[in-house]
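From first to last, the protein sequence lines are chains A and B. The numbering used here applies: residue 1 is where the first sequence begins, and numbers increase by one. The numbering used here applies: residue 1 is where the second sequence begins, and numbers increase by one.
Careful, some of the hints might be misleading.
[Claimed, not checked] If you want the footprint, here are the derived chain B segments under chain A, 3+ residues with CB under 8 Å: (1) 12 to 24; (2) 33 to 45; (3) 107 to 114; (4) 142 to 154; (5) 212 to 219; (6) 228 to 237.
These aren't lab readings, by the way, just hints derived from the structure by calculation. Where a beta carbon is used, it is the ideal one built from N, C-alpha and C, also for glycine.
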Amino acid sequence: MATSVRRTVSTQADNPRPDTGRVPLRPASEVMDLERLGSLHQCRISFIRTIMRKVMAERWGIQRQRFDLDDNGYGTCIYRIASPTRIYNLVIFAQHLDAKDRSDRVIAQAWDLAFALCLGDVDEAYLAVLRENVPRQEAGRCDPRVLVLSRANRSLRNFDAMVDALASGEQPDPDALAKVGYLYRTTAVYGNGKFGIADYPRLRDSDDFGLPFSAQMFSVYLLRDFSIRQVEHIARRRAPDTAVGLHPKLQRYLGIGNSTGLGMAPFLINHPQLINQWLLMRESALSRCLGEIPNEQTRQQMIDLIDHSIAHTAQTHTDDPRQSKANQRLGQELADARDWLASTDTSEVMLWQALLNWSRAHASLETNELLNSLLMELYPERVDELEQTMAAAESQDLTPEMGTDDLLARLRRDYDWAIAYDFSDPEQTHLFWYRSAEKEEPRLGERGVDPGEENEMGLDIARQADSLYQALREWEAQQGQATPLVEFLLAYPRFKAIARRVQTLSEHAYGDIRANVLARGTLPIHLLRCKLAFFGATKFDPRSDRWVRITMFQGAPCIEDIGTHFADDWWMPLKPTVEELAPCTSR
Amino acid sequence: MHVSLNEFTSTCRRALDSLGFPPGEYEDAAEMVVWLEQHGLGGARLLGEILPRLADNRWPALTVTHTDGGCVIMQMDEGSILHGGSLAADLACTRALATGLGIVRLHGCSDRSFILGYLARCARRGHHIAAFWCTGEPRRAIQNVAVALADAKLPVFRRFRADGGGEQEADTDTLTLMATRDFAMLPAASAEHVDMELLEMVTAEEFEARSRRAWDQGVEIDATLWRDLSAIRDQRLVPTSDASRHRGAGETNPAD
């Protein structure tokens, strides 16, 4: 038996680590806690913030080139987009949807509208191809000219009420928009090669959409404009003499919804290097800001931001009891944080660190993480550049020469949280994840109750790490010494995936979520919220412990605002006041 | 049928998972198939040819029959290189680090051209590695040589007809892997050897161009193969039920 060779393979060149200043990064044991990840809020480097800064700074040209809708708002619309480097077209097909077919689930077969972001211009022949395939979504086939494929359903609560109001010359009730801040919810936004569309590497080196999910987020942004133009169009067709356009303040207050189920959860577990990169950038931004020396001006800015957040939180509605309680607590704790900050001496050099420590000791995770997001707003010059390094190389390569003793040491160091679970306890393996035959939707089953256990998905990282740990110990006992890992894997190939993951992630501390996702009581919604917060979601509205609705782009500039002054302060909008909604000329 | 590389990769992974490939192995095997297709060497067609065999085979034993420092002989129990053959390359690399030169001869192994994609991964990890295998008829042997240099993104691939007077037997189930810490120890492959007829050579630059094309345009896969792969992939899907639809996915009032 050959002895092991110690050698370190680094992949950091592909996954850059920025300078973080004098405050150390928070430990993975804190950051990667599932409940904390499920308490994240958007921040400056969330994807919709990034794409809005880019569109506004580069003054992208966006035209409604075609707007062929009938009296009911059904038909075809094409947006033509000119970035500094390329031309794109967003093609939208709006259609009638029977009430019986209406579902936000991925298993739905029809939607109120379907759309595709395409590279280059779309001629009539290609439009016919798109018309044949885009509305069918998963059942259609597209080609690499399509960069993003998506669909959306109307919010029944808002859509008809808004058409009625505009048709009768009135503005819609802002309270209703505060409750549900959108007219459409996307139910899936596909990129990266799905159903024949362009693979992500085609976009990776592009100036426009090289950052993760930027093409998807931009497509959703344009859908927001369509939703406004569509309700205005229907209102005008219904009552040409009385209809008015939507007030600009309300246009800006309108976002786009998204409805997400368990389908999003496997992504966070199957892309650990990317997740590491997102969190590393967020934590680096936080560390940089914590190390900044405050002054009276920045302290007052922070107090103002907290006050604004309190108001925004008070206007956030959910029917979910757990989230509702969390929102109430958030509002109260933000008020406490404001009072603490107002009464603390600014000569405190490490004031921001002290605020973080105060919130750790006295506030919920939601409050902790919102304060962290707010702090980043104070120092855009220290934060925004990190958006450029949100992408990551995702290859997990085996280091076969690594000694089994070295791997055991890494397991003890990095996966102590996993080894600590007792997997002989049925409570720890109560759940299992599987793919349903219905559109391959990921679902959760109860072991011993639901069928499908034999086809369990391999999302059980904690259990796999624990099994590897036990097997390596037995191997070394059998062999009487450590060996190169490859010798172990030749005997036990079933451990290859987890061994390679442990090796790879020993250099990516924020890669693995520190939770046993099989345990009874696991809340998958935390996984969904983590990813959605990085997208830039607000107003989390859980519909169950595995289903959530959110709002995006609420408060963002409208496409008519491109080219005007941009303050990048739109992300937690407040409901327009009566005074702000004074009558204006219809558009 | 036109598919994206990501679709092809995902479907191959899940199909091989359905066929019983262990975690880690099904990803590696899928990557080897896709690599060959992406780089213009017919990975999909070859997979289509062997799919019935992969579906029938149990996971073959892969054993070390002789080891002597840097030299290892391994026996695969009538399997495909996709059945964990990548570990043979890993073993060669490990021995090279320990002794300077690692040679692994793997017997009983078919579909050896799939190793090309794994050589590229070894090179990415910082290893110099070459693979040699023989195809063709007895006395009409064709030597396949692939060389991947450390930190180079892609290998160089050559096929020679090594007539040598018609004496060479075609050893069609052996793969020889040679890894080294030193670039100079890899053989210089000359295209002008008097006894060798160069049948094909694909440079790293050509591989790069093919790869870029595949990322840009996707790949064309035979519709029957795609249907077969999809059917195998779907064997791991769990039939739905009302309980699954509602409780399993957590749906509540989806349409309001």
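Could you work out which of the previously given hints the structure breaks and list their numbers from low to high? Of the numbered hints, 2, 3 and 4 do not hold.
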